[in-house]
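What follows is the residue order along each chain.
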Amino acid sequence: MFKKPQKEDKFFELFDKVAETSLKAATMLDELLNDLSHSEEKLKELKDVEHEGDNLQHQILEQLNQTFLTPFDREDIYTIAKYMDDIIDYIESTASRFVMFNVNYSTDEAKSLGKMILGCCKELIALMKEFRNMKENKDLKKSIIEINRLETEGDKVSRGAIRNIFNGNIEVLEVIKWREIYQFLEDTLDVCEDVANVVEGVVMKNA
Amino acid sequence: MFKKPQKEDKFFELFDKVAETSLKAATMLDELLNDLSHSEEKLKELKDVEHEGDNLQHQILEQLNQTFLTPFDREDIYTIAKYMDDIIDYIESTASRFVMFNVNYSTDEAKSLGKMILGCCKELIALMKEFRNMKENKDLKKSIIEINRLETEGDKVSRGAIRNIFNGNIEVLEVIKWREIYQFLEDTLDVCEDVANVVEGVVMKNA
Amino acid sequence: MFKKPQKEDKFFELFDKVAETSLKAATMLDELLNDLSHSEEKLKELKDVEHEGDNLQHQILEQLNQTFLTPFDREDIYTIAKYMDDIIDYIESTASRFVMFNVNYSTDEAKSLGKMILGCCKELIALMKEFRNMKENKDLKKSIIEINRLETEGDKVSRGAIRNIFNGNIEVLEVIKWREIYQFLEDTLDVCEDVANVVEGVVMKNA
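Protein chains in written order, with our numbering: chain F, 1 to 207; chain L, 1 to 207; chain Y, 1 to 207.
Worth flagging that the hints you see were computed from the coordinates, not collected in a lab. Since no wrong hints were added, every one of them can be taken at face value.
Quick list of the computed label-pair ranges, beta carbon to beta carbon: (1) D73(Y) - I170(L): 47 to 53 Å; (2) D73(Y) - N102(F): 42 to 48 Å; (3) T152(Y) - E136(L): 40 to 46 Å; (4) H51(Y) - Q66(F): 38 to 44 Å; (5) G168(L) - Q59(Y): 39 to 45 Å; (6) T70(F) - D139(Y): 29 to 35 Å; (7) N102(L) - N133(Y): 55 to 61 Å; (8) Q59(L) - G168(Y): 48 to 54 Å; (9) K10(Y) - H51(F): 37 to 43 Å; (10) E41(F) - T107(L): 43 to 49 Å; (11) G168(L) - N167(Y): 25 to 31 Å; (12) Q59(L) - L69(F): 29 to 35 Å; (13) Q59(L) - T70(F): 25 to 31 Å; (14) D190(L) - T70(Y): 25 to 31 Å.
Covered stretches of chain Y (chain F as the covering partner; in silico rule of three or more C-beta atoms under 8 Å from a C-beta of chain F): (15) 151–163; (16) 199–205.
Only pairs whose alpha carbons sit at most 30 Å apart, straight line, appear in this in silico DSS-like list of lysine-lysine: (17) K82(F) - K82(Y); (18) K129(F) - K82(L); (19) K82(Y) - K129(L); (20) K47(Y) - K142(L); (21) K142(F) - K82(L); (22) K205(Y) - K17(F); (23) K205(F) - K10(F); (24) K82(F) - K17(Y); (25) K142(F) - K44(L); (26) K82(F) - K138(Y); (27) K129(Y) - K142(Y); (28) K44(Y) - K141(L); (29) K82(Y) - K17(L); (30) K142(Y) - K82(F); (31) K138(F) - K82(L); (32) K24(L) - K10(L); (33) K156(Y) - K44(F); (34) K205(F) - K82(L); (35) K10(F) - K135(Y); (36) K44(L) - K111(F); (37) K111(Y) - K44(F); (38) K141(F) - K47(L); (39) K129(L) - K205(F); (40) K205(Y) - K82(F).
Don't be surprised by glycine CBs; every beta carbon is placed ideally from N, CA and C.
Please model the entire structure based on the sequences and the hints provided.
Here is the structure:
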């Protein structure tokens, strides 16, 4: 039996790499949310990871332009590359809010949302490993379900947190800052779920 | 003469159902905007409708994966399904702001925007009925024009309302809450218009 | 040797026109940011330019529906038309905030961001001129690099400005207003970069 041509594998290798880069970014955000000292330096390191992500996205698009027969729809490769890059961008944007708004403390809900993002990125690595088989097996299904669960859970936590800041005795400027931070944390989880949904769709189509 | 194969009709039947579900959601939002008592229970019911919408979107995507010859471009079916689902999601998000921000009163402008969303969803049902004929007839045109009119009108009402809250003697926290509520009401109308525009584009292409 | 058929040229002519319209809008925004007197009348004129943009987008979509063989992927023509229209819409939205929020003064950072948007729109005109050759030459590359540079620079200026308003002794309502204005200025630069990236991708694909 023949092995698939190498060109095809290239895309999945690059997806693996972006997933690992997203985990690196999520780990740094998690650390920041647990210790906001030296936030400017931490943000600079996170920016470097964001650039790694940009480079990988560029490599995927170049590969796409050089490849005549892609392992699945070009449009879907493009969308997955874009959403994966969005995850890293959103993580950097979330972290940058702490510096931009001069916020020096974290909250239990923010820490908890950071852990969920971390969890999603770990599942994305597992998902990408299974993705190349193009089969709706148990492991693939499990990762998708877990990412969906984390997003739903995150939505609840984030809405509860926003409720608290609006109804607590918090200074208005702090309300504004945290409302935006929670929004970015929630949006990061949303785009993780978007990746999972597109991957699921591709596997269904090729079943 | 032969009738079109059933498979093709399936998509239009599902679009009918999502349009009806969006009207159900819009009706609940309209009711909420006119009576904010028991908003938490009302929000729960609206969440059930949101899940109905998710199920329908999933059915459309499954149908898409099982169908070899689609009645029009796969990409457009996907986009319409996504935007229709966005309408319901935005309606739920709008309603959830009242609970999240603990807002117990409505405004004339919010009620008026709620009526416009209701109007758009009614037109979307009419639009979907005509859509299956794939002809640029008078009724289809009328629905598209009416949705565009409601979006333009809504934009004016929403901008005027925001102007009022920023220039009235309103407490800052209330300004923040209402600025976001108006944004969601406006975004809901925007995505109704997006659906109408994509449908119009598909009919033009197939003319 | 034969010239390309006229139908194909039509798209590039229309892209030229939208780019020129975006420059018109950017010029008006730049003027507004430097002189906020008569802002309501200025906004009305900008709305007329926005309608010109809408008409051009409609013409591109009609052309797309009438053309069997397009000079490059239909999907990409659609995306470029959409993003170009977004630029003009975002410029109008930015300007409208001054009227809506009753803001009668500008800031150095806002003026500087306005100049960057102006710079991007000038480069987009140059880019569209080169685009029709479908070759990755020096001029095309230069325009893309310059737009990317302006977006990165704008991001820094905008983040610094937001930092200032949150940490200065500014009234909370003003903070809210300017936070949103800076967001719109930044988003406008983002969508300019999106156009440049799609054009680059199309040229790479057709290389």
